[in-house]
Amino acid sequence: MEKSPIANETIIRDLLPQKFGMRGKLWTALLICICLVGAYAYFLQLKDGLAVTHMRDYVSWGIYISNFVFFVAISLVGSLITAVLRLANVHWSTPLTRIAEMIAVGAIMFAALIIIVDMGRPERLYFLFLHGRVQSPIMWDVIVITTYFFISLLLLYYPLLPDLKIMLEHREQTDRKLNRLYSMLGSFWKGSSKQSRLSRRAIRILCITIIPVAFSIHTVTSWLFATTYRPGWDSTNFGAYFISGAFLVGAGSVLVAMYVFRRNYRLEKYITLRHFDNMGKIVVLLGLIYLYFNINEYLVPAFKMKRSEDALLTSLFAGDFAPYFWFAILAGMIVPILILVTRKGRRPMPSFIAGCLVVVGAWFKRYVIVTPTLLHPFLPMYNVPASFRHYFPSWQEWAIAMGSLAGALLIITLLSRIFPIIPIEETIKENNETHR
Amino acid sequence: MKRIDKCCHYGLLLLLLISGSTAPAQDSLKGDLNMTVGYVLENNQVPYVLAHVQTKVNRRFRPVTGIPIKLYLNSDSAANLVGQLLTDDQGKAASTIPGALAATWGKTDKHRFVAVFTGDEKFNPARAEATVSRAKIQIDTLPDKKIAVQIFEKKDSSWVPAKGVDVSISVKRFGANLNVNETATFSTDSTGTVTADFKRNNIPGDKNGNITIVARVDDNDQYGTLVLEKALPWGAPFVYKDDFQKRSLYATRNKAPIWLLFMSYFMAISVWGVLLWLIRNLFRIRKLGLTAQD
Chain C
345 MEKSPIANET IIRDLLPQKF GMRGKLWTAL LICICLVGAY AYFLQLKDGL AVTHMRDYVS
405 WGIYISNFVF FVAISLVGSL ITAVLRLANV HWSTPLTRIA EMIAVGAIMF AALIIIVDMG
465 RPERLYFLFL HGRVQSPIMW DVIVITTYFF ISLLLLYYPL LPDLKIMLEH REQTDRKLNR
525 LYSMLGSFWK GSSKQSRLSR RAIRILCITI IPVAFSIHTV TSWLFATTYR PGWDSTNFGA
585 YFISGAFLVG AGSVLVAMYV FRRNYRLEKY ITLRHFDNMG KIVVLLGLIY LYFNINEYLV
645 PAFKMKRSED ALLTSLFAGD FAPYFWFAIL AGMIVPILIL VTRKGRRPMP SFIAGCLVVV
705 GAWFKRYVIV TPTLLHPFLP MYNVPASFRH YFPSWQEWAI AMGSLAGALL IITLLSRIFP
765 IIPIEETIKE NNETHR
Chain U
238 MKRIDKCCHY GLLLLLLISG STAPAQDSLK GDLNMTVGYV LENNQVPYVL AHVQTKVNRR
298 FRPVTGIPIK LYLNSDSAAN LVGQLLTDDQ GKAASTIPGA LAATWGKTDK HRFVAVFTGD
358 EKFNPARAEA TVSRAKIQID TLPDKKIAVQ IFEKKDSSWV PAKGVDVSIS VKRFGANLNV
418 NETATFSTDS TGTVTADFKR NNIPGDKNGN ITIVARVDDN DQYGTLVLEK ALPWGAPFVY
478 KDDFQKRSLY ATRNKAPIWL LFMSYFMAIS VWGVLLWLIR NLFRIRKLGL TAQD
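Protein sequence lines correspond, in order, to chains C and U. 520 is the number that our numbering gives to position 176 of the first sequence; each next residue is one higher, with no gaps. 266 is the number that our numbering gives to position 29 of the second sequence; each next residue is one higher, with no gaps.
These are computed hints drawn from the structure, not numbers from a lab. In this text, all values refer to a predicted model and were calculated from it rather than measured experimentally. Heads up, some of the hints might be wrong.
One-sided and incomplete, this derived list gives chain U residues near chain C with beta-carbon spacing under 7 Å [as the list claims (entries may be wrong)]: (1) I440; (2) R484; (3) L486; (4) N491; (5) S501; (6) I506; (7) V508; (8) V511; (9) L512; (10) L515; (11) R523; (12) L525; (13) G526; (14) A529.
In silico lysine-lysine, PhoX-like type, Cα no more than 20 Å apart, as pairs [as the list claims (entries may be wrong)]: (15) K773/C - K538/C; (16) K534/C - K444/U; (17) K538/C - K359/U; (18) K444/U - K409/U; (19) K409/U - K391/U; (20) K391/U - K373/U.
Ideal placement from N, C-alpha and C gives every residue a C-beta, glycine not left out.
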């Protein structure tokens, strides 16, 4: 009991937002540079139109939509770590909840932005609200993404209130400019029993609400494809297939973030080997589920090899898209499962590598879902220019896509600089309970 | 000097050889045209002459556009010129027989049509001829939905039945014509008549159930092409069903299905209701904090 106050002060000191070191500054500068190049490429796209991309009549959804699906997928991590584990009373995940929510907010923001980038006339975005049809899955996607964004923000903000109080109480240890922000956001939090009760109830309601909304967001995104009659997308399985993939990439991204934050902010006491072990097991489980859906999604059509799907499946298995396809399957699922299935593989470094493979593999998986189908329509291509038959993104598309990825990472980086990466109050509480 | 003369002599000989050998070489570079000419009579009205020009490209016949063709009646003299035309994008050129040739046309029952192309820098000259007897076609209906088609040929200024002519009887549809029964073509008997049972009951017609029956003699060696159409009330009346104003998933935004509107509004209001409550809750927490401060 005597140890508790000292331990609490240590926890607070360890978990208060820390200033960037040289590596942090370089990392932030690099991300800003990539964002600026992306912004310049987008300026060119606005000036000259979508003609600067290599999207043509057939491939009208290229790297932008692949990126969009990737962002939507990764944003689901918020509901997995924060909501599902919290509702299941899994306490070991407490240090990971804020990381998950930061990733979710960063990803969902750029999911919304990249859709606007894909529009030829972004200034007509408001047409969607003036003339949008409730019958269209695109409209559902807009509604669900907006809703999910707000829920994610609230889920980040509510648990942050007690931490804001702690930061204001230790204002000498935090940045002076940031103190003003903390004061604006949480000076009213006194930690009274009534406030705590209201906050606890709100968090519980948010955790319950976010699960169906998170399922909806990715199901609706999958329906953008599945409601379109094309080879490879004409599946009743797409909703579940997309959700399982989203949970996998979300969990993989948490593994990566855990390693990076733990190392750079020296959080070894808080993000322990146990966390890597447990998260590794979750990734294995999610990887196996996603692999199962993939086998269903490809083996069943390949067994029948309908004429309309033959060209698409052949190009995926042994044609132009085979390197991407097999990379996504092997690097995105099989290798991470093989790494993380062993106890040694669930140590921080192998877990980090497995997490990186899951995330990179997931990006390629989205590319493989979107592009090859568009190049293999039901009606054969006749008398079309050669550029219609192939697709490889232009430098502007790469720059914008990479800029958006850098943008999401920048949001996560800035959020981790401004707010505690690990919930301070909850950690203290759990620590005290453990000592008691 | 003698040597120079000899050189000039050989040079001239070589020049002649070259010029002589290039002329047929240029001819052989030109393409050959496959030209046909035919006679068409539609609905027993003004007949026309139809020329069709093709050329072989990669072992396949392709139509040739913009070929100037002269069409003649009986002989290729200027007095018998039917028309001078350019082929269209299907390689076809058609002309009705002008009034100036009415006397020539009425004089005999059998006519020769001549199509002439004099050649250009791309194609060698071409010529086609066809001789046809004047004929006409007639459609009648018989009890029990039977169709009788008769072909008559003009002989010695009178119409006589044409025997052994192949005729197709079909119903006009949007894409291609549909046979009235399982038989594709019929051959006329000694009375120049064919009879076909109409077996396409319930085929959609116009709003009154009218369908168009087509009798056709196609590119006959003796009579050319004869076509006759006749409207008959033997089809099923077609009632156009306008689904445009109905509520459906594919309709405009104002015509969204009620169940979809209910579900989407219910879900949106439920979730956003909760979110608004949570925002209000934040204000309550804030108010509690500020009150405690005071």
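Hints and how they fare:
Taking 7 Å as the C-beta contact cut-off toward chain C, the hint placing I440/U at the interface is violated, the least distance being around 29 Å. This hint is violated: R484/U has a C-beta 10 Å from the nearest C-beta of chain C, more than the 7 Å allowed. Given the 7 Å rule on beta carbons, the hint for L486/U holds: about 5 Å separates it from the nearest Cβ of chain C. This hint is violated: N491/U has a C-beta 9 Å from the nearest C-beta of chain C, more than the 7 Å allowed.
Restraint check, S501/U versus chain C: the minimum CB separation of about 5 Å is within 7 Å; hint holds. With a least beta-carbon distance of about 11 Å to chain C, the hint placing I506/U at the interface is violated under the 7 Å criterion. A hinted interface residue such as V508/U counts as satisfied when its beta carbon comes closer than 7 Å to some beta carbon of chain C; here the least separation is about 6 Å, so the hint holds. The interface hint given for V511/U holds, since its Cβ lies 5 Å from the closest Cβ of chain C, which is under the 7 Å cut-off.
Annotation: interface hint on L512/U holds; nearest CB of chain C at approximately 6 Å, less than 7 Å. The beta carbon of L515/U comes within 5 Å of a beta carbon in chain C, closer than 7 Å, and the hint placing it at the interface holds. Satisfaction of the interface hint for R523/U is found here, the shortest Cβ-Cβ separation to chain C being roughly 4 Å, below the 7 Å cut-off. Checking L525/U against chain C: minimum C-beta separation of about 5 Å stays under 7 Å; hint holds.
At its closest, the beta carbon of G526/U sits 3 Å from a beta carbon of chain C; the interface hint therefore holds under the 7 Å criterion. Against a cut-off of 7 Å between C-beta atoms, the interface hint on A529/U holds, since the closest Cβ of chain C lies about 5 Å away. Between K773/C and K538/C, the direct Cα distance comes to roughly 18 Å. Compliance with the 20 Å bound is thereby established for this hinted pair. Pair hint K534/C plus K444/U does not hold up; C-alpha atoms about 79 Å apart against a cutoff of 20 Å.
Among the hinted pairs, K538/C with K359/U is inconsistent with the structure: their alpha-carbon atoms are about 97 Å apart, more than 20 Å. Between the alpha carbons of K444/U and K409/U the distance comes to roughly 16 Å, so the proposed pair stays at or under 20 Å and holds. At roughly 28 Å between alpha-carbon atoms, K409/U and K391/U are farther apart than 20 Å, so this suggested pair is violated. Under the criterion of a C-alpha separation no larger than 20 Å, the hint pairing K391/U with K373/U is consistent with the structure, at around 8 Å.
Of the numbered hints listed earlier, those contradicted by the structure are 1, 2, 4, 6, 16, 17, 19.
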